[in-house]
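Student: Protein chains in written order, with the numbering used here: chain A, 1 to 112; chain B, 1 to 113.
If you're looking for bench data, these hints aren't it; they were derived computationally from the structure.
Treat the hints with care, since some could be wrong.
[Said to hold, decoys possible] Taking lysine-lysine pairs in the DSSO-like style, the calculated list, with each CA pair at most 30 Å apart, reads:
| no. | chain 1 | residue 1 | chain 2 | residue 2 |
| --- | --- | --- | --- | --- |
| 1 | A | Lys61 | B | Lys44 |
| 2 | A | Lys49 | B | Lys17 |
| 3 | A | Lys99 | A | Lys68 |
| 4 | A | Lys61 | B | Lys17 |
| 5 | B | Lys38 | B | Lys17 |
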Amino acid sequence: AQSVTQPDIHITVSEGASLELRCNYSYGATPYLFWYVQSPGQGLQLLLKYFSGDTLVQGIKGFEAEFKRSQSSFNLRKPSVHWSDAAEYFCAVSSGTYKYIFGTGTRLKVLA
Amino acid sequence: DAMVIQNPRYQVTQFGKPVTLSCSQTLNHNVMYWYQQKSSQAPKLLFHYYDKDFNNEADTPDNFQSRRPNTSFCFLDIRSPGLGDAAMYLCATHPGGSTDTQYFGPGTRLTVL
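With these hints in hand, go ahead and build the complete structure from the sequences.
Tutor: Structural data, given as structure tokens:
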């Protein structure tokens, strides 16, 4: 069965610092992987996705993620965090169907 | 702009009083979903439609029902809301292809008094 683990429930970084949010998945074949962001009281917005090809994926708002098959990971990174990046981040996996499994999320706090 | 719209954004109901949440889309997507999201938790899929085909998750309580009268609209009916049903309800759509993605509405925050 597919599963997604986001080991960090909360992360706090200073504005301008770099960011890495961890995501590990469990799936037998090559998964389809996604990162979504959710601001308070809002729906989820897609940041980026990986289906195949280049393992380093660029997304919106300056985010990128790297698929590492050997580590079953799809970590999200940003070189310099802005205060507006404070939100909850969800990693999700799909087997290529339209049903996703979401991780439990990582709440990001940004210090001025 | 094409989008997923949820009404109302905030809904207050009384314990046991039926409530209906609404979702509409201008994306013409085949798939529509309803998720329940409690505070600081992952969205939990309740059910989804592929066109008119309804797919219920095994652990979705019978108290939750859904209707999709046409491509554009999907409704979530909670027949007898309990205090534990207070949550954010998210509607999402998907074109249906393997390399497509889900698009989410802004959610409806349900409060049960």
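Student: Could you run down the list of hints and mark each one as holding or not?
Tutor: Taking the hints in turn, this is what the structure says about them:
Annotation: proposed proximity of Lys61(A) to Lys44(B) holds, straight-line Cα distance about 26 Å (limit 30 Å). Distance restraint check for Lys49(A) and Lys17(B): the Cα-Cα separation of roughly 40 Å exceeds the 30 Å cut-off, and the hinted pair is therefore not satisfied. For a cut-off of 30 Å, the pair hint linking Lys99(A) to Lys68(A) stands: about 22 Å separates their Cα positions. Note on Lys61(A) and Lys17(B): the hinted pairing is violated, with a Cα-Cα distance of about 42 Å set against a maximum of 30 Å.
For the hint linking Lys38(B) to Lys17(B), the alpha-carbon distance of about 20 Å falls within 30 Å, and the restraint holds.
Of the hints listed earlier, those the structure fails to meet are numbers 2 and 4, in rising order.
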